[in-house]
Amino acid sequence: MNASTSAPKRKLKVATTSLAGCFGCHMSFLDIDERILDLIELIEFDRSPLTDIKHCSTDCDIGIIEGGVCNAENVHVLHEFRKNCKILIAIGACSINGGLPAQRNSLDIRDILAAVYAQPGRGVHIPNDPEIPLLLNEVHPLHEVVKIDYFLPGCPPSGDAIWKFLTDLLAGRTPSLGHGLIHFD
Amino acid sequence: MRTANSSGGGADEKGVIEGVLSRHGHDATRLMQILREVQEGLGWLSPSILTAIADGAKLPRARVEGVAGFYHFFHTEPLGRYRVLWSDNITDRMQGNADLMARMCKKLWLKAGNVSEDGLVSVDTTSCTGMCDQGPAILVNYRPITRMTPERVDKVVDLIRRQVPLAEWPAEFFLVEDNIRRKDALLSHDLAPGDALRALKSPQDVLEAVKASGLRGRGGAGFSTGQKWEFCRNAPGTGSSPAHYVVCNADEGEPGTFKDRVLLSSCADLVFEGMTIAGYVIGAKKGLVYLRGEYRYLMEPLNEVLQRRRAANLLGKSVLGQIGFDFDIEIHMGAGAYICGEETALLESLEGKRGVPRKRPPFPVTSGFLGQPTAVNNVETLAAAALIAAKGAAWYKTLGTAKSTGTKVLSISGDCARPGVYEYPYGVTVAQVLADCGARDTQACQIAGASGLCIAPAEFGRRIAFEDIPTGGSFMIFDNSRDMFEVARNFAHFFVHESCGFCTPCRVGTTLLKNGMDKIHEGHGGEYDINDIWRIIRTLKTASHCGLGQTAGNCVADTLQKFRPSYELRLNVHEFEPAFDLDKALSKMREVTGRDDPGAHFHIAHRKSKSGIGTKAGDEA
Amino acid sequence: MSNGQDTKSFFLDDEEIPFEEGQTIIQAALTAGKYIPHLCYHPEFKPHGSCKLCTVRIDSRTITTEDGQTVKIPGRAAASCTTPAQAEQHVESNTPELLDLRRTLVQMLLVEGNHFCPSCEKSGKCMLQGLAYDLGVMSPHFPQYFSKREVDATHPDVLLDFNRCILCELCVRASAEVDKKNVFSLSGRGNTKHLICNSESGKLGDTNLAATDKAANVCPVGVILHKRHGFEVPYGQRRFDTAPISDNPVQYAPVKEQV
Chain A
26 MNASTSAPKR
36 KLKVATTSLA
46 GCFGCHMSFL
56 DIDERILDLI
66 ELIEFDRSPL
76 TDIKHCSTDC
86 DIGIIEGGVC
96 NAENVHVLHE
106 FRKNCKILIA
116 IGACSINGGL
126 PAQRNSLDIR
136 DILAAVYAQP
146 GRGVHIPNDP
156 EIPLLLNEVH
166 PLHEVVKIDY
176 FLPGCPPSGD
186 AIWKFLTDLL
196 AGRTPSLGHG
206 LIHFD
Chain B
13 MRTANSSGGG
23 ADEKGVIEGV
33 LSRHGHDATR
43 LMQILREVQE
53 GLGWLSPSIL
63 TAIADGAKLP
73 RARVEGVAGF
83 YHFFHTEPLG
93 RYRVLWSDNI
103 TDRMQGNADL
113 MARMCKKLWL
123 KAGNVSEDGL
133 VSVDTTSCTG
143 MCDQGPAILV
153 NYRPITRMTP
163 ERVDKVVDLI
173 RRQVPLAEWP
183 AEFFLVEDNI
193 RRKDALLSHD
203 LAPGDALRAL
213 KSPQDVLEAV
223 KASGLRGRGG
233 AGFSTGQKWE
243 FCRNAPGTGS
253 SPAHYVVCNA
263 DEGEPGTFKD
273 RVLLSSCADL
283 VFEGMTIAGY
293 VIGAKKGLVY
303 LRGEYRYLME
313 PLNEVLQRRR
323 AANLLGKSVL
333 GQIGFDFDIE
343 IHMGAGAYIC
353 GEETALLESL
363 EGKRGVPRKR
373 PPFPVTSGFL
383 GQPTAVNNVE
393 TLAAAALIAA
403 KGAAWYKTLG
413 TAKSTGTKVL
423 SISGDCARPG
433 VYEYPYGVTV
443 AQVLADCGAR
453 DTQACQIAGA
463 SGLCIAPAEF
473 GRRIAFEDIP
483 TGGSFMIFDN
493 SRDMFEVARN
503 FAHFFVHESC
513 GFCTPCRVGT
523 TLLKNGMDKI
533 HEGHGGEYDI
543 NDIWRIIRTL
553 KTASHCGLGQ
563 TAGNCVADTL
573 QKFRPSYELR
583 LNVHEFEPAF
593 DLDKALSKMR
603 EVTGRDDPGA
613 HFHIAHRKSK
623 SGIGTKAGDE
633 A
Chain C
380 MSNGQDTKSF
390 FLDDEEIPFE
400 EGQTIIQAAL
410 TAGKYIPHLC
420 YHPEFKPHGS
430 CKLCTVRIDS
440 RTITTEDGQT
450 VKIPGRAAAS
460 CTTPAQAEQH
470 VESNTPELLD
480 LRRTLVQMLL
490 VEGNHFCPSC
500 EKSGKCMLQG
510 LAYDLGVMSP
520 HFPQYFSKRE
530 VDATHPDVLL
540 DFNRCILCEL
550 CVRASAEVDK
560 KNVFSLSGRG
570 NTKHLICNSE
580 SGKLGDTNLA
590 ATDKAANVCP
600 VGVILHKRHG
610 FEVPYGQRRF
620 DTAPISDNPV
630 QYAPVKEQV
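Residue numbers (my numbering), protein chains in the order written: chain A, 26 to 210; chain B, 13 to 633; chain C, 380 to 638.
Please keep in mind that the hints were generated in silico from the structure rather than gathered at the bench. Note that the coordinates shown come from a computational prediction; the quantities given were computed from them, not determined experimentally. There may be inaccurate statements among the hints.
Taking lysine-lysine and the DSBU-like style, the derived pairs with C-alpha atoms no more than 35 Å apart in a straight line are [said to hold, decoys possible]: (1) A:K189 with C:K425; (2) C:K451 with C:K425; (3) C:K593 with B:K365; (4) B:K298 with C:K413; (5) C:K559 with B:K70; (6) B:K403 with B:K365; (7) C:K606 with C:K582; (8) A:K36 with B:K298; (9) C:K425 with B:K70; (10) B:K365 with C:K451; (11) C:K527 with B:K119; (12) B:K26 with C:K559; (13) C:K504 with C:K582; (14) C:K504 with A:K189; (15) C:K413 with B:K70; (16) C:K425 with B:K297; (17) A:K111 with B:K531; (18) A:K172 with B:K574; (19) B:K415 with C:K635; (20) B:K553 with C:K606; (21) B:K298 with C:K527; (22) B:K329 with B:K298; (23) C:K559 with B:K371; (24) C:K606 with B:K26; (25) A:K172 with B:K596.
Work the whole structure out from these sequences, hints included.
The following block contains the structure:
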């Protein structure tokens with residue numbers, strides 16, 4: 026990296042995805058409204074539902090992930106993010122403690138599927154197409170699978186919280202939310 | 013014995029409950045004894061039984077259920093007519109208990125922790141039962157069977173299958189040996205019952221003698237016995253029935269210790285005499301022995317000793333004819349809870365409650381049993397006090413060191429030729445103890461139990477004494493063939509079973525510590541987990557309510573420092589970046605040789621990103 | 380140093396705090412308007428000392444070694460809710476070490492139970508949540524237990540969701556000491572410790588709890604809930620939306636008639 030302070034800063038590459046989430050955190054991200062124009066001066070989006078790029082570049086700076094880990098595909102995507110992003114951020118309640126999807130953890134996944142796929146008079150047919158990722162026995166938060174560098178809680182975190190968090194981070198400060206912006210719901 | 017599955021509230025059930033309740037005067041403070049005796053009669057404590065006991069003792073039902081649910085030896089689920097518990101201390105592990113238990117389970121078509129389908133038998137593990145010198149040991153319906161072998165397992169299985177009552181099992185199964193290997197002043201005493209009492213002068217004189225002797229508590233904490241008695245003596249009884257009490261702490265639960273069992277089986281008179289003397293000094297009329305549930309088999313013999321002493325006027329009204337010197341002793345059974353060795357948890361348990369340590373102050377010397385001034389002393393302390401009363405402080409002070417007078421009885425187990433009980437004057441070196449018990453190639457000693465200190469050979473010159481290594485008596489030896497990580501992991505599991513759950517750091521921290529150790533054991537641990545383990549240990553030590561939590565991380569901390577390779581060999585993530593650029597370090601050679609082929613480069617010099625815990629090669633999508 | 384002859388005082392983070400004989404450190408601090416984090420402490424009850432969030436250090440010393448180095452010897456750690464205040468004592472509460480300890484304790488509680496705030500009726504006024512916000516707890520850090528716990532809806536007016544229980548025993552104490560009903564108790568031990576109801580069925584519906592009982596209104600988290608009264612205050616206007624838990628510490632000062 027160039028040591029000169031006068032050289033123009035390169036844009037940071039940001040990848041985002043939703044695993045076992047509802048895209049609510051992504052929607053809230055868009056709630057930063059016109060501030061996205063300031064943001065886009067500082068970053069470029071890599072893999073993200075916003076760009077429809079399917080895989081991370083190998084030199085991403087920041088990965089932002091909403092949702093917990095509920096199936097095998099989630100694990101693969103999470104590994105791809107960890108491998109290619111220098112900083113990984115868990116955003117939203119589900120990524121941080123499993124959230125709503127993890128409330129299924131009190132039940133046995135076999136019982137759930139048997140109940141869901143029971144057809145009157147025709148028994149239980151649980152889909153087994155290899156295209157469909159297998160569900161994990163339990164839903165897990167991201168930090169139980171890979172190392173997570175930052176957590177941004179909320180369901181979803183507000184646009185203001187996301188803005189404060191990202192501006193801190195992009196300015197090189199350790200993000201700090203403070204009262205009113207830190208929320209678990 | 014009735015079948016354990018019968019839970020119907022028949023006349024028989026009512027009769028048993030009413031019999032027990034009236035024997036205890038429907039006294040709520042005797043709930044522990046009531047629950048145990050009802051369970052001995054009816055097999056388990058069903059919901060309706062708990063209701064009946066609550067009604068009879070005029071207690072809220074939920075309180076009775078809460079007490080029954082606290083102690084490992086009370087069952088609120090049917091656990092079979094035969095409940096087999098394998099002692100699971102590290103010493104039992106080293107003696108092969110796991111294979112033997114697996115053999116037993118296989119022969120009984122049973123999974124450990126479960127009850128057989130016919131309700132006949134359950135097999136499970138339990139914390140150290142205090143038979144480490146003669147393990148592997150089991151409890152069958154709370155009676156100990158020692159020296160388990162494959163043959164003995166088969167015989168036990170056969171007896172259970174044939175439903176032979178325990179009373180008809182071969183007597184040699186239940187033989188518990190004292191294994192006294194070295195006697196000093198205490199174990200070689202020549203006092204006849206009553207000798208120490210006959211030597212008594214005024215209470216004040218006895219108190220001065222005990223103070224002058226420098227006697228300190230043998231349970232491990234080492235508080236001055238004389239001072240404790242003085243505080244207690246000076247504290248006034250309060251309320252409608254003011255009194256003072258002497259409590260003998262015989263809840264010897266520290267893994268690896270069994271010397272109190274031996275003292276109670278070989279020197280019970282001296283212990284009771286010590287209690288009587290304590291009562292004389294502090295002005296108590298009643299003494300209580302809190303005997304751990306694992307030593308249930310000692311209750312009848314101890315009661316016989318008490319009976320003999322009453323007959324000899326060494327207990328009861330006007331002891332030895334001295335008007336006003338009334339003192340008697342009663343034995344209370346615990347029910348499988350290590351925490352009750354903590355004196356305030358013990359007092360709660362004595363009062364028929366969950367064994368949760370109290371907040372201090374007030375201390376037991378001013379507000380103990382039933383809120384009255386109470387002297388809680390270890391078994392060995394009381395025996396030593398009797399010795400001092402008989403032979404004088406001056407003689408006693410000639411033994412041991414200046415700060416640790418007298419002798420210490422050690423329970424020695426693990427890798428040595430002659431495990432058993434050894435009594436030494438304080439100040440003996442660890443090396444001396446190891447030599448005497450025939451330990452060879454010793455890698456480590458765990459002194460003072462799971463909560464104690466783990467020492468490596470470089471420290472074997474250290475001394476057993478309050479000023480160096482204090483111990484309640486547990487002394488476990490590990491030779492070079494042992495894996496110290498597994499020792500620490502065993503203790504981490506122990507503390508999960510034994511945390512009372514009152515405070516957050518201990519209730520959660522012990523489980524998180526165990527989970528961390530299990531993760532490393534399974535080969536999934538990394539430096540990240542080691543860091544977390546340190547964080548948990550710090551939290552336990554700083555914030556826990558009592559000594560259990562504060563010391564629960566000791567062994568992991570000690571072994572992490574002193575036996576680190578046993579951890580490192582299991583860690584799978586070794587993240588380290590070179591301190592210099594490896595590829596650049598070949599630059600001058602590339603220059604002079606003109607080489608630029610793949611062999612002239614390191615291709616790992618710059619990694620593209622951090623790799624996360626759990627990220628493995630080949631995970632690219 | 381002292382304000383008068385009768386008033387004794389101690390120092391909390393170098394600030395002088397007056398106290399009355401018999402007060403514990405946290406009681407004196409809160410009365411004086413100084414916040415010390417807590418969960419199981421409640422102004423109307425005798426302190427209990429189980430959550431350990433209020434842990435402070437007492438009488439740390441700074442010594443100078445032979446080679447001129449200044450070394451701080453940490454004082455003893457103790458729960459400030461149960462430790463009696465003593466004159467001239469120096470108490471530390473707001474230190475990086477203790478804040479980190481408290482974060483760890485909150486994280487322990489967060490992984491022990493199942494705390495899914497978005498679906499909890501208590502969210503916005505839950506003391507555990509409010510404390511986590513105040514301490515800046517951004518994640519539970521440790522692996523979740525995902526323990527299987529029940530919901531008891533057998534009572535006509537009151538719902539129990541054991542998933543969120545932090546075992547503070549406030550309901551146990553309230554029911555025994557204020558309501559004189561002993562509706563709640565604890566059973567199990569260690570990591571199996573759990574709240575139980577005073578009935579042979581174990582169900583709340585078979586107890587004599589009334590929705591107006593102190594025990595039904597003292598839960599600091601979302602275990603004991605009133606049926607038909609969920610999510611009544613809009614997001615943004617709830618207690619901890621509008622003010623942090625540490626705001627106005629005097630609100631937690633002990634009330635005169637403590638049980």
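Going back to the hint list, which numbers does this structure go against?
1, 4, 6, 8, 10, 15, 19, 20, 21 and 24
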